[in-house]
Amino acid sequence: MNMHNIWFIMKREFNGYFATPVAYVFIVIFLLLAGFSTFFVGNFFDRGEADLYPFFSMHPWLYILLIPAISMRLWAEERKSGSIELLMTLPVSVFEAVIGKFLAAWAFTGLALLLNFPLWITVNYLGSPDNGVIFASFLGSLLMAGGFLAIGACISATTKNQVIAFVVSVVVSLIFVLAGYGIVLDFFSSWAPRVLVDVISSFSFLTHYDAISKGVIDMRDMLYFASLIAIWLFANALIVNARKAD
Amino acid sequence: MTLRIEIEDLAKHFGEIKAVDGVTFSVSKGEVLGFLGPNGAGKSTTMKMITGFLTPTRGTVRVCGYDVLTDPISVKASIGYLPEGAPAYADMTPEGFLKFIADVRGLRGAEKKRAVASAAEKARITHVMFQPIETLSKGYKRRVGLAQAILHNPPVLIMDEPTDGLDPNQKYEVRTLINEMAEDKAIIISTHILEEVHAMCNRNVLIANGKIEFDGTPHELEALSRYHNAVCVSVGGVETDALSRFVESLDDVAGTEPLNFNNGIRIFPKGGKQITLELSERIRSNGWQIESLYVENGRLDEVFRTLTTRPGDAA
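Protein sequences appear in the order of chains A and B. Here the first sequence stands for residues 1 to 246, where the numbers follow my numbering. Here the second sequence stands for residues 247 to 561, where the numbers follow my numbering.
Don't read these hints as lab results, they were simulated from the structure. Where hints are given, some of them may not hold.
Stated by the list, open to error - Lysine-lysine pairs mimicking DSSO-like chemistry, simulated, CA-CA at most 27 Å apart:
no. : chain 1 : residue 1 : chain 2 : residue 2
1   : A       : LYS244    : B       : LYS457
2   : B       : LYS345    : A       : LYS11
3   : B       : LYS384    : B       : LYS417
4   : A       : LYS80     : B       : LYS345
5   : B       : LYS264    : A       : LYS244
6   : A       : LYS11     : B       : LYS431
7   : A       : LYS244    : B       : LYS384
8   : B       : LYS264    : A       : LYS80
9   : B       : LYS359    : A       : LYS11
10  : A       : LYS244    : B       : LYS345
11  : A       : LYS80     : B       : LYS384
12  : A       : LYS160    : B       : LYS264
13  : B       : LYS359    : A       : LYS160
14  : B       : LYS345    : B       : LYS384
15  : B       : LYS368    : B       : LYS358
16  : B       : LYS431    : B       : LYS417
Just so it is clear, the structure is predicted and the values come from calculations on it, not from any experiment.
Could you put together the complete structure from these sequences and hints?
Dropping the structure here:
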């Protein structure tokens, strides 16, 4: 694994977001939706508590829609334009390319997330929140975004069509989130054995993110997202290898 | 001669289709190998296997001594590759694109700067370095691809139809560039433009239906033509029929056909022999005055057609 190559691929990909209006449109919409959901859905003011729980708790739902928009181009565009032939005949391994592209998308998401800092300033102005909790929630949200991105990157490698990559990624992300949602679990718990319900719920982003969004960092939740990212990226590399020339 | 590319029994099957089926050849330093064949013959597939983009169904590829299956990174580092259609990152500028390639190729600092500048100059793209690649014309896009391929001064250069879609001036420039680099590199160029065989190559491999049909110099390729060393003659005041009858009675003549201009005939020698001198003497000693006489080299398009179509094929 050549760290230089990962860095160069990441840098190129990251700058690629800013070569078109995509990055700016995305960031503006992300900030609008995050703000809207914090204040109107999460009732930031009415809760009367100095924390950012309303902000962070909405992230799974925002990410379902927004993260696939970041990940859809990663491989589909390379395959469509044929530049994948160029990339894969440079002295770069598939894993370096997969990781470099993933890190670029992740860094971009992190940037978008950081640009919500006015909220942090607001809450610190209005009261005295536990900034440790906010920092932990930030890390957790970023980690979950990585999970969504890894899923999206892998799906992007299966097609030349960015729209297909987007739609399929949204659906798969939705499944991963909903697996822990009350209604879905109730549906299963009425007939399925307890073990199965636990397995389904343990695969859910919600289950693992819930604690994190309250600032509780549990190693098991961290490990869940880390291994989720690793597995999807591994699958991503296998798919790129198998289908790059199609 | 240093062997740079060694290919042995290389094959690629896509299901039932044998795109490449047992190809063996090697290329040394100083050789410019023109890879000929009709569309779909397996040229691009072979190149994609040499550059490590496609995994062969069987066979081996060695580039500069490295095996593409066991050490693909070293193989890729030794090759400059221009894929078919010269794909690039459309939203980058040639400057950013070439810098990225230089980074990945391991060039740093002053060396990188020099490599980018020199490749841009050789490919003649210095004045479009800061325009997005997607806004460039087809010819310039092709040249950006070319600059990318030669950037790290690779010992092996592989180019899939480098002059496709270029105008005659651009073609000339690309050929000049390739000729300049030919001396210290091993180069493979695929093309179906037959005039390029003479303009660039000192060796040809002709492939059809995934198999090699010819491997030799451009001159040897021409020699396969039935027009090779054929002599076209016209003689003043003599009927074509009489001339034909006389010429056909000579030992080394296999046959004649009338030319549809100039009242002359084309004379085919036996076994592709060089018969010009003898022929002109015999005609003159017959008391006839030769109006025009020239020798044909052979026709590449005819050889191409003969080698790439099997008897019974519709095409």
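Quick rundown of the hints versus the structure:
no. : hint                : result
1   : A:LYS244 - B:LYS457 : holds (25 Å)
2   : B:LYS345 - A:LYS11  : holds (12 Å)
3   : B:LYS384 - B:LYS417 : holds (12 Å)
4   : A:LYS80 - B:LYS345  : holds (23 Å)
5   : B:LYS264 - A:LYS244 : holds (19 Å)
6   : A:LYS11 - B:LYS431  : violated (32 Å)
7   : A:LYS244 - B:LYS384 : holds (24 Å)
8   : B:LYS264 - A:LYS80  : holds (25 Å)
9   : B:LYS359 - A:LYS11  : holds (18 Å)
10  : A:LYS244 - B:LYS345 : holds (24 Å)
11  : A:LYS80 - B:LYS384  : holds (18 Å)
12  : A:LYS160 - B:LYS264 : holds (25 Å)
13  : B:LYS359 - A:LYS160 : violated (34 Å)
14  : B:LYS345 - B:LYS384 : holds (21 Å)
15  : B:LYS368 - B:LYS358 : holds (15 Å)
16  : B:LYS431 - B:LYS417 : holds (20 Å)
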